[in-house]
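K.L.:
Starting from the structure of chain A, add chain B where the hints point.
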Amino acid sequence: EAGVTQFPSHSVIEKGQTVTLRCDPISGHDNLYWYRRVMGKEIKFLLHFVKESKQDESGMPNNRFLAERTGGTYSTLKVQPAELEDSGVYFCASSPTGKGEKLFFGSGTQLSVL
Amino acid sequence: AQSVTQLGSHVSVSEGALVLLRCNYSSSVPPYLFWYVQYPNQGLQLLLKYTSAATLVKGINGFEAEFKKSETSFHLTKPSAHMSDAAEYFCAVSKAAGNKLTFGGGTRVLVKP
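Going line by line, the protein sequences match chains A and B.
Take the first sequence: its position 58, counting from 1, is numbered 1127 in our numbering, and each next residue is one higher.
Take the second sequence: its position 102, counting from 1, is numbered 344 in our numbering, and each next residue is one higher.
Just chain A, with the same shape it has in the complex:
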C-alpha cells in the first residue's frame, strides 16, 4: 500500500512568486491534514479536510494560503504571493474515518522563499 506522498520534495522560489504543494493521501482516507514546521519551531496545524470539506482551518496563517481538496482525493496548498516567513517544511497527513488518532504522514515539502 502506498503511503502519503507529497510533491515536490523541495521548492525554492522568490518572494512574491506563487507555489503549489500537492498531497496524495492513502487511498480511502477521508481525513487529510496540513501541518507546517518553520525552522527551529514546533510543527503547527494548518487545516483539516474531511473528504472535500474543510473541517477546521483555524491554523491557516492568512489569506495568502489556499487549500483545496476537490473530489475528496488529493489536496493542494497554494501560497500566493509567497513571503520570506512562509519558508519551512509543509507536512501532509491522512487517516481513515473512525481511526483518526493515528495519522500517516508524508515526508514533507521543504519550501524556501528567497
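It should be emphasised that the hints constitute simulated quantities derived from the structure, not laboratory data.
Source: prediction; values computed, not measured.
By construction, the Cβ of each residue, glycine as well, lies at the ideal position given by its N, Cα and C atoms.
Take the hints with a grain of salt, since some may be wrong.
[Claimed, not checked] Derived coverage of chain A by chain B (criterion: at least 3 residues anywhere in the stretch with Cβ under 8 Å from a Cβ of chain B; other residues may be distant):
hint, stretch
1, 1105-1116
2, 1171-1181
[Claimed, not checked] The calculated DSSO-like cross-link candidates involving lysine-lysine, where the alpha carbons are at most 27 Å apart (straight line), are:
hint, chain 1, residue 1, chain 2, residue 2
3, A, Lys1123, B, Lys310
4, A, Lys1123, B, Lys337
5, A, Lys1113, B, Lys337
6, B, Lys291, B, Lys310
7, A, Lys1120, B, Lys291
[What the hints assert, rightly or not] Taking beta-carbon pairs under 10 Å as the criterion, some of the chain B residues facing chain A (in silico):
hint, residue
8, Val246
9, Leu249
10, Phe276
11, Gln280
12, Asn283
13, Gly285
14, Thr344
15, Val351
P.N.:
Using the frame of chain A, we list chain B on its own:
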C-alpha cells in the same frame, strides 16, 4: 488551549544506554497523547499513543511511555539505545481522536557508538 513542552532539543546517548525523552503537556480536558518519530528524509511515524486506557503504553521498536496525570507528563523511554534510534522525536497532544495535534518542539537524538 493545549501546549506541549519537550525538555532538551538535543539529546546524546551511548549505544546500549537508557533513552529518556521528557514531555509535559497542558490540556483543559483529558488528553490523547502521542509520540512520533521522524527518521532522516522520512515522514513522521507513530511510536505510541495514550488514549485513556493503561497508563503505561508500549510502542514500536522497544519504546514505552508512562502517562502521569499528577505531573502532566508523558515521558518516553527505551532501556537500551540502538544506533538506528537516531532520529527526531515529537510529543503531541489532542483533545480527541481525529482532532488536530499540538506538537512539542521536538528532540533530536544522537546515538554514540
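K.L.:
Mind listing which of the numbered hints don't hold for this structure, in increasing order?
P.N.:
3, 9 and 15
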